[in-house]
Each structure stands twice: as structure tokens, then as C-alpha cells.
Amino acid sequence: MSQSKQDFILETRNLTKAFKGFTAVDDVNLKVQRGNIHALIGPNGAGKTTVFNLLTKFLQPTTGQILFNGDDITSMKPAAIARKGVIRSFQISAVFPHLSVMENVRVALQRKEGNSFHFWRSEKVLDRLNDRAVELLESVGLEGFADTVTVDLPYGRKRALEIATTLALEPELMLLDEPTQGMGHEDVDVVTDLIKKVSQERTILMVEHNLHVVSKLADQITVLQRGAILTEGNYETVSNDPQVREAYMGTAADEVEAENAKKAEEVSA
Amino acid sequence: MTNNQKLNLFLLVLALLAPSVLYPVFLAKVLCFALFACAFNLLLGFVGLLSFGHAAFLGTGGYITGHLMINSGLTPELAILTGTAAGAALGALFGKLAVKREGIYFAMVTLALAQLVFFIYLQAPFTNGEDGMQGVPRGEAFGLIDLSDNLTMYYFVLAIFVFGYWVINRTVHSPFGQILKAIRDNEDRATSLGYDVNRYKWIAFVISAALAALAGSTKTLVFQLASLTDVHWHMSGEVILMTLVGGVGTIFGPVIGAGFIVTMQNYLSGGELGNYIHIIMGVVFVICVLSFRSGIVGQLMKFKRDNFS
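In the order they appear, the protein sequences are chains A and B. Under UniProt numbering, the residue at position 50 of the first sequence is numbered 50, and the numbers go up by one with no gaps. Under UniProt numbering, the residue at position 169 of the second sequence is numbered 169, and the numbers go up by one with no gaps.
Check before you lean on any hint, since a few could be wrong.
[Unchecked claim] Here are the simulated lysine-lysine pairs, DSSO-like style, with alpha carbons at most 27 Å apart:
hint: 1; chain 1: B; residue 1: Lys302; chain 2: A; residue 2: Lys84
hint: 2; chain 1: A; residue 1: Lys20; chain 2: B; residue 2: Lys6
hint: 3; chain 1: A; residue 1: Lys84; chain 2: A; residue 2: Lys112
[Unchecked claim] Incomplete in silico selection of chain A near chain B, CB under 10 Å:
hint: 4; residue: Phe22
hint: 5; residue: Thr56
hint: 6; residue: Gln60
hint: 7; residue: Ala108
hint: 8; residue: Gln110
hint: 9; residue: Arg111
hint: 10; residue: Leu126
hint: 11; residue: Phe145
hint: 12; residue: Ala146
hint: 13; residue: Leu153
hint: 14; residue: Tyr155
Since the hints were derived computationally from the structure, they do not count as laboratory data. Every residue, glycine too, gets a C-beta built ideally from N, C-alpha and C.
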């Protein structure tokens, strides 16, 4: 048990993942505080997605420990971790393309019904989940698309559906892997607002490239570089760290700069 | 009554009347292969698993049923039931080993295991090896209905087919079927929602194997013969062909595909083109994959969607 002054929902201890001759994640001690939106940022290849895969056991850590609510979950299987309340999303939108939008959400709701092995019953028994499914679709603005086959949804809406599906499981901890990747500006704002909205009474750990989104959402930021933690803190601290600027040099550093300039303007105005 | 139910009823009436026009043994053959293809399609079309070893289940059903009919006093329905159970047991074993692998590796594991089964049947004394098990008596169903008459046999097969088809239809449209389709669409996501995908795949595999064995058992009674043809990997390939031609992922497609392929084989093997049968089937396969990938039924459904709704 790690009940110190702060309440950490998720903790890693010396988490390391080595592939042949290459350490993708190097001795990472991550602490995610309950109720926070915690962002994991870093340049390409920093190991952010690998950390996600380790946390949800899609990859097996080489060494180190993962604690969820103080319990060691290092040896658990991915589906079992999901049942504990840690639900992840993926970089590419994780939906079931040939099911309807409504069915996508129902697949998640169905788990707690305990009838998922019943191959002899009619799927009509799932209709009692429809009300809850519609509520969830409403919460992400998809109520008008319930009967659409998911493959026909625009990209931004697919991400919204993914969030609705994740919410259906009422996760204690949501892991979002680049929720705004590949989106146009409008969609980015919609999804950012959506994440803000669903973060009430929940903990979110997200990988995000878009620093504008990070600045708007994150309470706490961890910067990864070459698999190791470079620095941690809130947006102010992190964005002013010279090491971070260097790590992002040429790409996102300009964005950070622009962001700061904008803020300075706002202050002076 | 929904449109679908009306269609099913119409097809059932058609099947009941068909023997007045067509030869009952031919029709029974079509139904056996149709059930086999439907069972295969439960895996390929609804879980996204390509098994390349389904002949093992067809053949096992056939051999066990044939052996029991010759050597024990069991009535045909019990022999068929035992054959089906044997197929399910073999499927449980195959499935345990295969579902841990994905994609092409899954196909390879099933192929390898099926080849193993082939060589066992080739060597085992009770199968008569290359000669096959011949002169299997049809017996009397439930000790009452004499199946030696071809027309009676056909209706018996039709009843079995309807049952098997119903099982598949129900499985696909059940809470379990929902999870299967989710796994087919995005396995990682299904896992991340908390589903142990391998258990779902395994159960689907066992159901599919059992129904394939049911088809094989029934087929042995129809032809009064169980031979190595049914366990050969050619047969595993043929069922893929039937499913793709008919329409993978549609419940009825494999029935049409089986009808199409069996008809073609029957027609060709009698005529002058008999020697070219494999070439012709190869051409059909290529045309199918290149120009209408969703199969006959898939294409028809698409046509209906585009033009009538």
C-alpha cells in the first residue's frame, strides 16, 4: 500500500521494457494522482505508446512493477486489467466498424450482464441496454447516429464513439492514446471539450502530441525522452524547462513558444 | 413476420418440393456441403478466423458414424450424434492449440493438425485406408423410419440441415455472437473492454467443428461411404471456395456457394470436361476473388441496398 499524503491511482516502479538491444522504456517511475488528467508527452519514439502497452499488459515488462490502487497488477492479463477498471483507447480509432454505433456501445455495456457466452439466447435480451446506450451516445453528441454502421462515421465522430464505449464501462482510470491524432481543428476542440467533460470524477492518463490540447487539459505532465522520464510538473514548469525545449527542438518547440507568446499577450492585454 | 422470416419460409417450401424436380441424393449432397460451409463460415465470416483444417472434422464425423453403423446396433440418429460429439471433442483440442495464434499462423496450425489426423486415418485399420469404409447401412431413424429410400433420406437430411442452420443463425444473433463480431472487427479493442477473446474464439471453434462433423456424419449415411477424400486438405480448400463464392459473412451465402460448387462438380465430372475440373474451379475462384469479393449473396445484398432502400 502506498497511501502517502497523495492518493495515487496508478504507480509504476522501475518499469523497464527492453527489446533486442534497445531499451524502449527505461526505469520509469510514474505516479498518477486520482482525479487528475495526466499527460504523457515526448518526441516521436520516446516510448509513450510502449508505456501504455505495458500498463495494459499488451506488452510484458522486462522488469519493474505496476500498481493500481496499491495492488500489484504486473502479472495480470489485459482483459483482467480492463475488468479492474483500467480501460484504454488506441492510437487509431478503436471501434467495431461493421457494427452499428449503438451496438458498439452495447458491446461494452454487455460485459456486466454476464450473458456474453450465451450463444443459445436471442440477442433481443440485449435490448434492455438500449436506454443506457442512448444516454451514453447523447453524452458525446452521437444520438442521431445510433443506427449508422460505424464504418460510415466521420473520423472525429468515431473518436467520440470510442469515448462513449469506454465510458460505458465506468472506468476508474481511462488511458487515451493520442485522442486528437489526425483530426482537423474543429474536431480537436470538440474532443478536447469532451475529455474535459468526462474527466469529472475520473482519472485520465493520456498520450498527446498536440501541446495546445495538453495545455488546456492536463493537471500534470510527464515528459518522456528515449524511454526515460525527462521531467515532470504542470504545464508552466514543463514548458519552461530548457531540456524539454531542446527535446522538442524544431518541431513542437515553436508551438510551445507560440503558446507562451499568446499567453504573454493575454496577460498584457 | 419479418422479410427475413418470409424468405426463410419460402426457401424451406422450395427445399420440401425440390425432390419432385431433382434427384434426392444430389440434393442431400448439396445440403451436407451447405451445412459444412455454413459451419466453416461461422469462424471465417463472424470471428475472422481462417481455418485450413476443417476437413478433419468432416471426416471424423463421417468415419465415426460409419464405423458405428457397421459395427454397432446404434440407430442412425445416435450414430450421427456420436460422430458430432467426436468432431466437437477434436475441435476442442484443435481449438485450444490454434486460437493462441493469429492470422496465417492460425491457418497453418489448423492445417498441420488436420494433416496429422489425415495420416492417422490413412493408417488406422478401421478406416480401410485408401479403400475407404464402404457399404455403410443407413438403418432406421429412431428405429422406425427406414432410410434406405432416397426420398426419405433426403427429408431426414433436410431436418438435420435446418437444425444446424438454426444453430448457426442463433449463435450469430446471440449475445455471444455480438462479442464474436466485435472480436472479428477489432480484437485488441475487445480485449481492452475486458473480454478474454481466446475463450470466445475457442467456443466458436468447437461449435463450428461440431457442426462440420454433423455434416460429415450425415454425408456418410447419404452415400453409405466414408473415405479419405473427406479428410484430405483438398476438402479444407473446397469449403473455403464454397464460402467465398457464396458470400463470406452472410449466413445464407455458404449454402448458395455449396450448391454452386457441388452442381458444377456433378455436371462437369459427368461430361467431357471432367479432366479439367480443377482448372475450371481455379478459374471460378480467381474470377470470384477479383470481381465480386463479397460473393454471390453479398453482391445481391449490396445490389438490394443500393437500389431499394
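Exercise. Please flag the earlier hints that this structure goes against, numbers listed from lowest up.
Key: 1, 2, 4, 6, 11, 12, 13 and 14
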